[in-house]
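S.K.: Model the full structure from these sequences, guided by the hints.
Read off the chains here:
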Amino acid sequence: MATASIPNPQHRKNPDFVPAILLGGPAFLLLLVFLIGPFFAGVSYSFTNQRLISGNTTDFVGLRNYTRLLRLSYLMLEPQKDEKTAQLLRDEAGKLTYPRSREFTRDEVKYPQYTGLREWFFVPWGEKRLVILAGDPVFMKSLGNNIFFAVVVIPLQSLIGLMLALLVNQKLVGRNFFRTVYFSPVVTSMVVVSIVWKFLYDLNHGMINQFLANFSLAPVNWLGDPNVAMWSIIIMSVWQGAGFQMILFLAGLQGIPEQLYEAASIDGANIWEKFRFITLPSLRNTTLFIFITITIAAFQLFTQVFVMTNGGPDDSTSTVAFHMVRTGFREQDLAYASTISVVFFLIILAINWVQRRITRDL
Amino acid sequence: MNNQLEQPTNAGSPRASSASRRQRELSLNLLQYVLNALLVFVFIFPILFMVVSSFKSNDQIFHDLRSFQAFLPTGQLSFENYASVFAHSQFLRFAANSIGVGLLQVTLALTVNSMAAYSLSRLTWQGQQIVLAVIIATLIIPFETVAMPLLLLVSKLPNISFQNGIHLSSGWLNTYSVQIIPFVAGAYSIFLFYQFFKDIPKELDESALIDGATRFQIYRFIIVPNAGPVFATVAILSFLGSWNSFLWPIMVVQSEELRPVMVGLQYFFQRIINWGEVMAYTTMVTLPVLALFLAFQGAFVKSLASSGVKG
Chain X
1 MATASIPNPQ
11 HRKNPDFVPA
21 ILLGGPAFLL
31 LLVFLIGPFF
41 AGVSYSFTNQ
51 RLISGNTTDF
61 VGLRNYTRLL
71 RLSYLMLEPQ
81 KDEKTAQLLR
91 DEAGKLTYPR
101 SREFTRDEVK
111 YPQYTGLREW
121 FFVPWGEKRL
131 VILAGDPVFM
141 KSLGNNIFFA
151 VVVIPLQSLI
161 GLMLALLVNQ
171 KLVGRNFFRT
181 VYFSPVVTSM
191 VVVSIVWKFL
201 YDLNHGMINQ
211 FLANFSLAPV
221 NWLGDPNVAM
231 WSIIIMSVWQ
241 GAGFQMILFL
251 AGLQGIPEQL
261 YEAASIDGAN
271 IWEKFRFITL
281 PSLRNTTLFI
291 FITITIAAFQ
301 LFTQVFVMTN
311 GGPDDSTSTV
321 AFHMVRTGFR
331 EQDLAYASTI
341 SVVFFLIILA
351 INWVQRRITR
361 DL
Chain C
1 MNNQLEQPTN
11 AGSPRASSAS
21 RRQRELSLNL
31 LQYVLNALLV
41 FVFIFPILFM
51 VVSSFKSNDQ
61 IFHDLRSFQA
71 FLPTGQLSFE
81 NYASVFAHSQ
91 FLRFAANSIG
101 VGLLQVTLAL
111 TVNSMAAYSL
121 SRLTWQGQQI
131 VLAVIIATLI
141 IPFETVAMPL
151 LLLVSKLPNI
161 SFQNGIHLSS
171 GWLNTYSVQI
181 IPFVAGAYSI
191 FLFYQFFKDI
201 PKELDESALI
211 DGATRFQIYR
221 FIIVPNAGPV
231 FATVAILSFL
241 GSWNSFLWPI
251 MVVQSEELRP
261 VMVGLQYFFQ
271 RIINWGEVMA
281 YTTMVTLPVL
291 ALFLAFQGAF
301 VKSLASSGVK
311 G
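Those protein sequences? They're chains X and C, same order as listed. For the first sequence, the positions run 1 to 362 when this note's numbering is used. For the second sequence, the positions run 1 to 311 when this note's numbering is used.
Source of the hints: derived by calculation from the structure; they are not laboratory data. Don't take every hint at face value.
[Claimed, not checked] Taking CB as the label site, the calculated pair distances span:
no.: 1; chain 1: X; residue 1: Gly116; chain 2: C; residue 2: Arg93; range: 42 to 50 Å
no.: 2; chain 1: X; residue 1: Thr115; chain 2: C; residue 2: Gln129; range: 27 to 35 Å
no.: 3; chain 1: C; residue 1: Phe68; chain 2: X; residue 2: Leu70; range: 35 to 43 Å
no.: 4; chain 1: X; residue 1: Lys171; chain 2: C; residue 2: Leu38; range: 16 to 24 Å
no.: 5; chain 1: C; residue 1: Ala137; chain 2: X; residue 2: Gly255; range: 20 to 28 Å
no.: 6; chain 1: X; residue 1: Gly255; chain 2: C; residue 2: Gly212; range: 38 to 46 Å
no.: 7; chain 1: C; residue 1: Ile140; chain 2: X; residue 2: Asp82; range: 54 to 62 Å
Even for Gly, the Cβ is constructed at its ideal location relative to N, Cα and C.
M.R.: Following this line, the structure appears as structure tokens:
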């Protein structure tokens, strides 16, 4: 940093303090009140039973919210047997039958260790059935959905963005038009995009199913099938955001000195070699930045879910942000929602850290 | 490409090889145009469908769905859907709310954040490095992390209303303030300004100081006029953020009079089953923003990209 430009004998060490605080004060104060303050307030609420609107006093509850949010356990269910013959019971389809996990989690007297847990999912374990229990299965599902979304969208959107950037970086007449078109979904509101796509995805009247019908293909229940709904949101989100990654990659591409390519041409490199040994390494920082922005956006997934599926069907599109609004705003359990916020923040921090580590070693 | 630089390396006649190269380039160009045309369709079809459908009756929309007519202005076209939107919702009120909130937020954000960035980038004071580090660190806090505690905070902040005298009430819920003030200061905006201001030559400040200018005058008459592009970027980013905001206003604005357009759209969409009307609403909130983007896209895209790579 350069030292003060004008020697001022009275405040040589701190010559600009007063103007700096006058000019910067408003922003620093607003950030303190509306960002930094709430951030730490949220951390402290997560250890209480704070409600959004309540006449009751707020009490410290220790780690109760965290236990409810993150607690995991398992239950091994034996297949049901006929009491007299000791033969395994089978249903009409010939499958083994199991007791309901509820019989264990709701029986406080016999199984106090399972109190407050609910079934998250199960896996077959030989003849037995391994049931994974969670304090908040909806949160676990939501977190899983966010991770799934991120894992699919990061490579998909980066690749499409890079491809678009390479295309519109060519000296082609009309490339500005192409650029504008690819970017236009980015400036379109996510609410609008979600509503229009909800129409496109509609089971009976949607354009996509009507289009498929032209080829005698069966309609897909884009938003109503738990196995498909998240994919539908992914496709739409990639469509909406790819233009943004294109712009970032484009800036990266244009920052590569032309001389590198010329030198490579003289050395006899072909297009692929130039791409592999000049373009890709030069885009390293851009790619890192893009990975981070997509990951954070993936964990912020909310509007699409709120407008299109409301978390359903079967919580298959519920997300952490959606679950947070559901508990904090709709159920007014602010302390629990703050706990979700804290965990959400820690996840973002961890991902940033991991991505920085990985990309550094590449 | 620079044909002159390349040496004909193979034994064949140079003329023939250059002709075949030109042919290859032509077919490569053609391939790129085909690819681009396909992609243009992929990226534009939902928007095109939305705009075209907003002029069609519901029956016409469903009739056209199966073919390319869905993207063409076929059948009876009218502004009937638009008239219905105005009749069935307070669209103009919502739009006015969003525009007012957006403009006020942009004005405040430009002022407050550029002043902060100026004091961070061009003044020397104790604690500067710490404040800067804290602001950079807050970049990692997503809004979702503070949304819930912020909700509690604004529900308790004192509120002054000036209707029929001055009233002090508790709670910012259902106000314009709650839609604006929490988002005025932005770490990212400060960061954008900071990066831009850093590169304006320091000699400008020094000569102005010798001439007796105050720090505020330097900011106002030297820095601001020299930073047009970054002001445009922050203006557009913060207007878009405000215009498209959704998660926050659905929680803090219940009253219909104060509702912004996107929340109004969500309520409209839940209530109205006529797709033509919904498309008219979405068209009205989308096309102005697209027009704005087209008008400012040069500065927008450039600044966005440069900030993106450095961040």
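S.K.: Take the C-beta atom of Gly255 of chain X and the C-beta atom of Gly212 of chain C, compute their distance, and say whether it sits inside 38 to 46 Å.
M.R.: holds (41 Å)
S.K.: Starting from the hint 35 to 43 Å, judge whether the C-beta atoms of Phe68 of chain C and Leu70 of chain X obey it.
M.R.: violated (52 Å)
S.K.: Are Ala137 of chain C and Gly255 of chain X spaced within 20 to 28 Å by their CB atoms?
M.R.: holds (27 Å)
S.K.: Verify the CB-CB distance for Thr115 of chain X and Gln129 of chain C against the hinted window 27 to 35 Å.
M.R.: Between Thr115 of chain X and Gln129 of chain C, where Cβ atoms are some 51 Å apart, the hint is violated.
S.K.: Are Gly116 of chain X and Arg93 of chain C spaced within 42 to 50 Å by their CB atoms?
M.R.: holds (47 Å)
S.K.: Go ahead and decide if the range 16 to 24 Å is satisfied by the Cβ distance of Lys171 of chain X to Leu38 of chain C.
M.R.: holds (20 Å)
S.K.: Determine whether the Cβ-Cβ distance between Ile140 of chain C and Asp82 of chain X falls within the hinted range of 54 to 62 Å.
M.R.: About 59 Å separates the Cβ atoms of Ile140 of chain C and Asp82 of chain X, which means 54 to 62 Å holds.
Checked against the numbered hints listed earlier, the structure breaks hints 2, 3; every other hint is satisfied.
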